[in-house]
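**Student:** Chains E and C, in that order, give the protein sequences. If you read the first sequence in numbering that gives the first Met the number 0, its first letter stands for residue 0, the second for the next number, and so on. If you read the second sequence in numbering that gives the first Met the number 0, its first letter stands for residue 0, the second for the next number, and so on.
Worth flagging that the hints you see were computed from the coordinates, not collected in a lab.
Derived EDC-like pairs: lysine to aspartate or glutamate, alpha-carbon spacing no greater than 20 Å straight-line: (1) E/K130 / E/E120; (2) C/K67 / E/D21; (3) E/K130 / E/E63; (4) E/K93 / E/D21; (5) C/K11 / E/D95.
Listed below are several chain E residues computed to face chain C (Cβ distance under 8 Å; list not exhaustive): (6) W32; (7) S71; (8) L82; (9) H186.
Not close to chain C: a few residues of chain E, all C-beta gaps over 12 Å, as computed: (10) I64; (11) Q96; (12) R97; (13) E120; (14) E127; (15) K130; (16) I131; (17) S132; (18) G148; (19) H150; (20) A159; (21) L160; (22) V162; (23) F164; (24) L166.
As the structure is a prediction and not an experimental result, all values here were calculated from the model. Note that beta-carbon positions come from the ideal geometry of N, C-alpha and C, so glycine has one too.
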Amino acid sequence: MATATDGVFEVDGQTDFESTGDPIHRTRKTAMWVFLGSEVFFFGAMIATFLLYRHTTNGGPGAEIFNIPFTSATSFVLLMSSLTMVLADNAFQKSDQRQGRIWLIGTALLGLAFLAGQIFEFTEFVNEGLKISTSPFGSSFYMLTGFHGMHVAGGVLMIALLVAFSLRRRLSPDHGMNVELVALYWHFVDIVWIVIFTIVYLLQI
Amino acid sequence: MTSEAHAHPTPKTYWLIAAALAVATAIEIAVPYIEFLDPVRAPLLIAFGAAKFVTVVAVFMHLRYDLKGYRYVFSIAVVVAILMFIVMLAVFQAL
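Next up, chain E with everything else stripped away, as it sits in the complex:
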């Protein structure tokens, strides 16, 4: 049952910022979706570039150096971070700050685990002779996965800020929209990795 109080809708007892009559909420969320749309182009162009150069190895290592079991594990970690993020969002919408913080911290830790895996993977590849300057394959691979890693790092930073705001009681139910916007960004980073993992890793072996 949807009800409206002070311009904010509640659906089945949860604050529903998506259907809010508040134009500021709508504008911010629309802006986030437009931003994510632009990011689709950014990563789409990078993935296409990787596919163009996937065989241009200049005699250096190519896709055969990918460690699929290891990358599968880190992909799984990132996928599960989407679960913890949506649970955090759900908790904050129910004004359960403590539970929300726990899920946010879990999400940040999973994000950090993914980044640690990526750093390990990059180190291994460099040791095997694949540097960013080795070949167009290396350049396009590191640019794509590196930029994705930077997005994950940015997401971890935003989550850390949300946790800090929540601890200082500066993340009131009225600010639930902030959690939702960060959650959208985080899920987007996850779906980009779903595409990268499929096209760059699994389809190349």
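With chain E held as given, fit chain C onto it using these hints.
**Tutor:** For chain C alone, coordinates are given in the frame of chain E:
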């Protein structure tokens, strides 16, 4: 004002969706190592990837329950990006 949005799923639904995504990922990882699937490997992996993508966007990002305007913004971006992707690969004869 009229609300287009619907109630969000419960945490139980989120856990079930995550379990389904985990199973899909496990199958996806196994596919390249199963020889008799070689002829359909690429379409199978793309189908699994697309299914996971749509599930996360629809359920975790709430696009299924959200205002239609957000759906249009994101869907148009994805469709145009896919077209750009295909044209770019075709122009450089990488398809």
